[in-house]
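Please model the entire structure based on the sequences and the hints provided.
Protein chains: 2
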Amino acid sequence: MKNTKFFTLGLLLAGSTLAAPLAAKEGMFTPDQLQEISQELSEVGLEIDPDALADLTGFPMGAVVSLGGCSASFVSPEGLVVTNHHCARGSVQYNSTAENNYLENGFLAASKAEELPAAPGSRIYVTTEVTDVTEQVRQGTESLEPLERYELVEQRRKDIIAGCEETAGYRCQVASFYGGEQYKLIKRLEVRDVRIVYAPADSIGKYGGDIDNWQWPSHTGDFAFYRAYVAPDGSAADFDEANVPYQPEHHLKVSASGLRDGDFVMAAGYPGSTSRYTLLAEVENTFNWTYPTFQTLLTDWIATIEATAPEGSDARVKYESRLAGLNNFEKNLRGQIDGARRVGLVDRRRAREAALADWIAADASRAAYGVAIEELADLSEESAAASRTSFWYRNVSRPSLFSAARRLYRLSKERQKPNAERESGYQERDMTFFRQGLQALDRRFDPAVDKAEWVLFLTGYIGQPIGERVAAFDQALGLTAETTAEELPDLVDRFYANTTLGNVETRLALMDATTEQLEASEDPFMQLAVAMYDYGFQLETESKTRSGRSLALRPTYMEAITQWQRENGTLTYPDANSTLRVTFGNVLGGSPRDGMAYLPFTTLEGITDKDTGEDPFNSPSELLERIEAKDYGRYALEEIGSVPVNFLSDLDSTGGNSGSATLNSRAELVGLLFDGTFESVNSDWDFDPRTTRTIHVDTRYMLWVMDKVDGAQALIDEMDVVE
Amino acid sequence: MKNTKFFTLGLLLAGSTLAAPLAAKEGMFTPDQLQEISQELSEVGLEIDPDALADLTGFPMGAVVSLGGCSASFVSPEGLVVTNHHCARGSVQYNSTAENNYLENGFLAASKAEELPAAPGSRIYVTTEVTDVTEQVRQGTESLEPLERYELVEQRRKDIIAGCEETAGYRCQVASFYGGEQYKLIKRLEVRDVRIVYAPADSIGKYGGDIDNWQWPSHTGDFAFYRAYVAPDGSAADFDEANVPYQPEHHLKVSASGLRDGDFVMAAGYPGSTSRYTLLAEVENTFNWTYPTFQTLLTDWIATIEATAPEGSDARVKYESRLAGLNNFEKNLRGQIDGARRVGLVDRRRAREAALADWIAADASRAAYGVAIEELADLSEESAAASRTSFWYRNVSRPSLFSAARRLYRLSKERQKPNAERESGYQERDMTFFRQGLQALDRRFDPAVDKAEWVLFLTGYIGQPIGERVAAFDQALGLTAETTAEELPDLVDRFYANTTLGNVETRLALMDATTEQLEASEDPFMQLAVAMYDYGFQLETESKTRSGRSLALRPTYMEAITQWQRENGTLTYPDANSTLRVTFGNVLGGSPRDGMAYLPFTTLEGITDKDTGEDPFNSPSELLERIEAKDYGRYALEEIGSVPVNFLSDLDSTGGNSGSATLNSRAELVGLLFDGTFESVNSDWDFDPRTTRTIHVDTRYMLWVMDKVDGAQALIDEMDVVE
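Just so you know, the sequences run in chain order A and B. Residues 1338 to 2060 in the numbering used here are what the first sequence lists, from first letter to last. Residues 1338 to 2060 in the numbering used here are what the second sequence lists, from first letter to last.
Quick caveat, the hints were computed from the structure, so don't treat them as lab data. Values in this document were obtained by computation on a predicted structure and should not be read as measured data. Take these hints with a grain of salt, some might be off.
Because identical chains share one entry, a pair is satisfied inside a single copy or across any pair of copies.
Said to hold, decoys possible - Below, simulated SDA-like cross-link-like pairs (lysine to any residue); rule was C-alpha separation at most 25 Å, straight line:
hint, residue 1, residue 2
1, K1967, M1933
2, K1967, S1928
3, K1788, N1840
4, K1967, R1687
5, K1788, G1506
Structure representation (structure tokens):
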């Protein structure tokens, strides 16, 4: 899953959501739900009071934090935070130079004074309060027209957030659960002074690289440490030498004796998005059309970048990260398509809908559910059709400078409204990230590659019948029914020849431009953005209208699901939405394919077996020597005769869970969740207990590396390491 | 391993041989050796009398036959022979037409009258007599000079064969064991009227195709049936409608109840070649130089063919089989290089040699061993150096027509000698295969591809320093130190423009040409062959001289190995040499890599899981329906809740073992050996009991397909199927 990648790229492909929770360990529960299954938790081995898990500011949940896209947790009273290496790697890269190549050599601050600022935009979010605001958001919205409903709900969410953020240093969100059945205000301290404390070398933290991504057996030391800093008065503040380590109310103890096969484990983190309750129409559209179509496009896209930015070129450096992301996404889609075929996802969804329909039909008092579901099914069909028709238009809208122009022009429009009424993403609270986005563009942009990508997308676009194309776009680009793919490069040349948006100062300056100024711009990308504004607005309005309809229907559908499942003895959990969730289960291997088995642990010796001396299998020689010497220290697991490196569990996780604290029955840290097996990538749609397995780095390996290889004894001493 | 491929391609890469037999189930024993370990065989579970296995014409060995490159066995009193699908597939292809596509649909003769002739050259060899001829071959050779020794040994082998083949219908060989320590004359009835009886469709018999080749878990129905026909008087004869089924003295019973995890199994077949006793110098040269160099060349070679014969072209059809073979070989080399690194092959060999040296040093009476081994080590160094220096010359000698010209010119030279004195391969007994070789060339030859290949090899060749190149070859081609790769295509153009060897009639006619006629030929390939004859003869003489030295040294080395191992309680077996061998062990899964396990059986449901509907995962719908219906009949294995498809064992096997009868403790047929796991491909050099696993198709799956899918009830009835 490697959620930073997963997240960024998830956005590439707009997709909605829903699926079948009828199995053993499935469930990304909100902490307050755990009280409902406290008896089950105790029965399966939880030793602490299950009710304690519901208290987000108590122990252990108070120690669990979000990095925005990744999960993490406090492991010392001095604000030390542990997360995945791949979640903190950007900060290591940010501080690396040719002389001090921390990616290659690792980074370990000798003292707090030598801890380095994390990459710009790095945050640690500490939840301080969660309030149910369902009534405030939904009250009186049922009777409205869909678009009005959508807009009123959004306005109320923004208003509630604005009120919450009046306390300086906090960042708030109003999260929607069960498709709009429930809303919660989550208030979080926004730590802005984040520093990198320790990250092992890529040859440990990224061992196996893309080859082992989504693969078991893995041997990745996917851990790294940040520290949260605040102003001396304890308030959130920008980086300042006078800042002091944040003192969390709670932190996790770190286990050095760890787990055995079959042991109880749970993970607490911020899973991003799942589609467990999606209706059949959307599942069919996704797996029969969107994913295969997009996978083909991704393959062409990767080839286009590789051809335009050859290995070793300056352009390639700028696109390495995108290429890795696209390859990662392509592999993910392949896994999803393959997994869906294997488990019979579409048929299973069809069967579930039929079973739900039977349950509804069995009792006349449930008739309203049936009506809502029927309307929601129609809506799903419409959404699927809309996503198919807009597929190529969304792709031709990707080029970096066109996208920047669109956002700038939209900003000028939104600026005409009072801040509180502006579209989310264009409010004053969003401007820091908006500016950073415009700045970061340079590092990932090369005109020749951008143009080649655009030509690729345009080739797909003009491949559509003229009637399915967007007239305004054709006109703006001078495309006709006769335009051939060969003419496209010349057609778009003028955009790259005449634009000034490639200059970062120009882009930033345009954040203050008025709508009229932008409409008078001679920049071809800005002219295109202006020309397409109405069409974009129309697409957005149609989408909002569908969302407004969904807001009226989906809560009813989820109520039906919830009641139906309750009668079947299953507690319904909401789809993942980047809020704190708890999943529990066991250390468990599995049989991903007929004739094969995954063992629950990998060992130090497996690292040596894989090592070729070449990236990504190039362990530091010191590490290989310690393995050769069987210098296991106190970290060995007797059953496997070695130090466990990674382990498998049947926990329910997805992108965003990366870095999640994996806890044992006493809520001690035993690992960090960092990946899922290849057979699990379609679990976002359908949790199959036979094949879904989550991958963790074992704290025994983390401590072993710190102790025996990297000499990070001071950090070990700072943590509460328990046997 | 897929031995037909393996074999053809093994020849691409000249290589010598020898390795470490110090582990559990290792051992390709000659049947007569089994008496020495009869107690062990009984202890591990063999229920029949172990001594019976030593009788090659008794039961069960009398039922085991060779197809020349594959193994097989009689399974009915009417000459019915079972082997691998991939061993008989050429015959299915030979009989296929656009109207009757037996590859796609499978072939099942409704009656004996409808059985079709196998592909030309198909043979079934039934061993009738084995005689030790060591004394006859070796007597008085010790005192000779190396080249004389080599030639006398070869002449004696040819003479013994000639004497043996005076009985019409028999084919004889004098096989060398333990590097020339022992020679055996093997007399075999050569059944020339071979007919194809039944082969399932490719979508069963080749299920998984190249993707699953050398891979576990596999689900390949790799079985097919031939029938041996002889003249009414029982003698071997060419195809004739009057011929009758051969009545073997023995045939195997076929088990329908099969095996369970851990059960005793043994396999009897004709493994081609292993290198278990090779000295360190050769192992180092092979794994540090030859294999990596050749793997790189293979990659370029594959790319060259793919570029010159694009998919869908007529040329591609001719090269499909070579491409599959090269890809197969490349994958094999990668596996070997990877496996050697993983098990530390070079270090292990070094350690074994050191241990042997210690044993020799421990007793002055063993001094002669030490001397011989030292000389053999020098010889290995020399052989390794010779193989490096001739690497590119051997490659530039590959082009089909150059190779044909060389063989024809050599034939004209050999024809000047009495038949008995001719080089092996050029005697009258070899002419049928010689002619077939010249005929078959057309089906795998396209001038443009052949030329592109030649240019590729020549590019490598001219990349060498001029001093390491072959002067005569440079002169014949007009290559100088200044020749660049760009000039090569033009340089070789005249060969393809002016040759007449592309014509099959011309080639065949030249089999009768005299040396003088060929020397007067204006064909550029023939002129090149004539020009290079002396150099080729020199290479051959040097090689024979080294072989002659080896013949004096290697038997002493093997005697040292044998004595040393005997003291360690290990019975030394000879390297594989395409003679009948027996290997025994157990049904056994394994852990090929840290964190992963292979289960011993695959199941019918695994076929459905893999099935995508597209080649090579496109099972017949009838088969999928039978699985869906759980129509297991009497073929299910309770522990796995399904019919076992393929199974793993720790048997010791290699290319040539394909089609080997896998027998249970009562010598009933329980499977057919057809492949090894990817982690096993380097077992030819070093049998690692941790990772070496052999793959078999289970007779329960074979019978299930025959019974439930293909309606081959008549064949089931013809066999002795036992529970």
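Between K1967 and M1933, at a C-alpha cutoff of 25 Å, which is it: within one copy, between copies, both, or neither? Between copies only: 21 Å across, 29 Å inside.
How would you label the pair K1788, N1840 (within, between, both, or neither) given a Cα cut-off of 25 Å? within (16 Å within a copy, 52 Å between copies)
Alpha-carbon proximity context of K1967 and S1928, limit 25 Å: between (30 Å within a copy, 21 Å between copies)
Between K1967 and R1687, at a C-alpha cutoff of 25 Å, which is it: within one copy, between copies, both, or neither? between (53 Å within a copy, 23 Å between copies)
Tell me, please, which holds for K1788 and G1506 at an alpha-carbon limit of 25 Å: within, between, both or neither? neither (41 Å within a copy, 73 Å between copies)
Checked against the numbered hints given earlier, the structure breaks only hint 5 and satisfies all the rest.
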